[in-house]
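For the record, the sequence lines run as chains F and Y. Quick note: the numbering used here has the first sequence finishing at residue 281, numbered continuously throughout. Quick note: the numbering used here has the second sequence finishing at residue 415, numbered continuously throughout.
It is possible that part of the hints are untrue.
As the list claims (entries may be wrong) - Listed next, the in silico EDC-like pairs over lysine to aspartate or glutamate satisfying Cα-Cα at most 16 Å (straight line):
| no. | chain 1 | residue 1 | chain 2 | residue 2 |
| --- | --- | --- | --- | --- |
| 1 | Y | K119 | Y | D362 |
| 2 | Y | K71 | F | E25 |
| 3 | F | K5 | Y | E87 |
| 4 | Y | K71 | F | E30 |
To be clear, the hints were calculated from the coordinates, so they are not data collected in a lab.
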Amino acid sequence: NSREKVVGQLISLAVELQRTERWIENFTGEVNRTIIDHQEFIHRTTKDRGWDGIEGEDEEGLWTFASSLLYAITVTTTIGYGHVAPKTPEGRIVTIGYAVVGIPLTLLCLTNIGDVMATGFRLLYGKICCGVCCTLFKPRRRRIPGDPEKGLAGPMVTTEEEQPDKPKEVIHVPTSLCLLLIAAYIFAGAMLFAMWEQWDILTGSYFCFITLSTIGFGDIVPGMDSNAWAAEEKLVLCALYLVLGLSLIAMCFNLVQEDVKAKCRWLGMKLGIVEKHETPL
Amino acid sequence: MGAPRKNHPLCRKIMKILFSHVGLCGMVILYCVAGGFIFEHLEKNNEQQICYDSYYEYIPMENKTINSTLKIFYDYGGAVTTAETRELMIIQLQSILQTFRDNTLAIGYDGRSCNLYGKENGPVYEWSWAGGLMFSVTVITTIGYGHIAPKTVWGRLVCIAYAVLGIPLMLLCLANIGSVMADVFRFIYAKICCCGGCRRKKKDNVVKMKHFDSNKSRQWTVDKSNIIAEDRHASVSTEFSNLKSRSSTGSMDSSEDRLDSKSSKNTFGIGKVKIVPLNVTKKNPLFMNDDSDDEDDEDDLDEQKITVPLTITIIVIGGYIFGGAILFGLWEGWDWLQAAYFCFITLSTIGFGDVVPGTDFDNPQAQGQLLLGSIYVLFGMAILSMCFSLMQDEILAKARWIGLKLGIIDKETED
């Protein structure tokens, strides 16, 4: 323990210099030097060997269950904060193996969840949109009472049953709605974390954006101040936010696929890159 | 729709160049280089400012610690040598040093001379151009190391905008490059794989032709192209196979002569009329089974249906990681496991940032290391994209097979 070493150093210095003349100035200089060396030692140890100043007896350490859970999630979603990272060789090898299995699994899972959520969202959107349409266009609704000739010959007749059926096949959720949804989620997360962690809104939204785009710098992470209130719960909440947000993004990808492709094709044709009968890329 | 084309042919040409394969790559590289400059400009001054701030916070604390230490010694006067006083002093000194350590870590000042930034013997800017370049690359590939991250308000806003534009651009470029490289790889693989296999088949053809010649039918045109072009008659192919089998056994009888004359009449008549160019032969599936197919014909057909096996793509990825591990291990002085760990974490875009090349700023080659790191990342992403493109069909087929085996998927209804 280096601290004991420093203390011993100081005391032995004092004993030595006490015997000499003008020991006060000499001693002051020596103390100065010792303290500065100690500071450099602290810094070097922190940087190189990742010691974060916590001693074994004091706290639980960095790798509690909650932070390890968050760590595992950041590995499989490839976010990779890095504020906790394995330092032992075994930890690193296991991380690699864990990632090789976990990343495809997570991708598969997210795709599936995205599909399910997209279907549900389309249904919901269709119902809401249709409800609005139905109430708006009420006067147009006609019901011909079972007259076979008229029923066959009249394509303009829209009965109540037909209207909900038609949109079910051709529901396109507009891209702007999906973007709005994602932005709202980022903003909601920003507000939540800003409230909990005493961040400002910009920092909160910066964190949410960097997390949801799976960039994951790790310079700011909620729940890292282990002395703060409810640190473990914050980490778990962060993990939940993450997973939910990625599912949301998967859902939006699913919803806007056709729309984006069509728009790209349109853009390509406008720019003259793409011929009418060709497909881009 | 036609009007814009007529009015701006130059514009259209520029757009076409921009979005071609080379154009996309160029755009990504330019985007990264520009990002390096942008972030360097935004964050460099702030880095020095942070240093000054922490320095001014640290110095009073250091002085206080020194004074407290000295005070302890003065209090006890000359009685340093007695046991009890020594015990007390040790306890007090320890607590002082502990406070000092906590404060040092909280302030985060590491003893560098802030006014010497960028000068000789002074600390090296983390946000140099190369550092900014590495940062930009990690943003648009979503790796996101975080060993340097923007701290200014503008830096963070620009980072968000940079990501929103850059990530789709990068994905587009990767998709493009992936498919191009996959085609090239398949082509090379086919050539290497087929050359070994096709040489054998060529010999068989030669042997059979020799038998033909010895079969005396002068009317046979042994020109390969013409024979292959006769796709009209299945009988011709059956004659062919009959003759083949007979030639392999080496026996010749009168029936053979009869067949010869009959078929030769057929084919010769047709052969005279029809002179089919060689490239037509490529589309004849009938002759796929015949060994007498043209060598090029077989090559092309094989190319179309060739799938690079899964093991080869995995070997490619593993090889790239291994190569990178050796390279960075040598240049950065890491041990092998650390370097391999870095390569894997980077290429999977997890990107912890605990191990990053070019961050050891005592090393004068730090800038070059950062540059090499960025290039490694970009190229690695391209190779990964190519491997995904190659693996797709294989993986789908295998997943379907597993699903069938496990009974998840019915034989009739496959998803």
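Here's how the hints hold up against the structure:
Between Y/K119 and Y/D362, the direct Cα distance comes to roughly 13 Å. Compliance with the 16 Å bound is thereby established for this hinted pair. Under the criterion of a C-alpha separation no larger than 16 Å, the hint pairing Y/K71 with F/E25 is consistent with the structure, at around 13 Å. Between the alpha carbons of F/K5 and Y/E87 the distance comes to roughly 15 Å, so the proposed pair stays at or under 16 Å and holds. The straight-line distance between the Cα atoms of Y/K71 and F/E30 is roughly 14 Å, inside the 16 Å bound, and the hint therefore holds.
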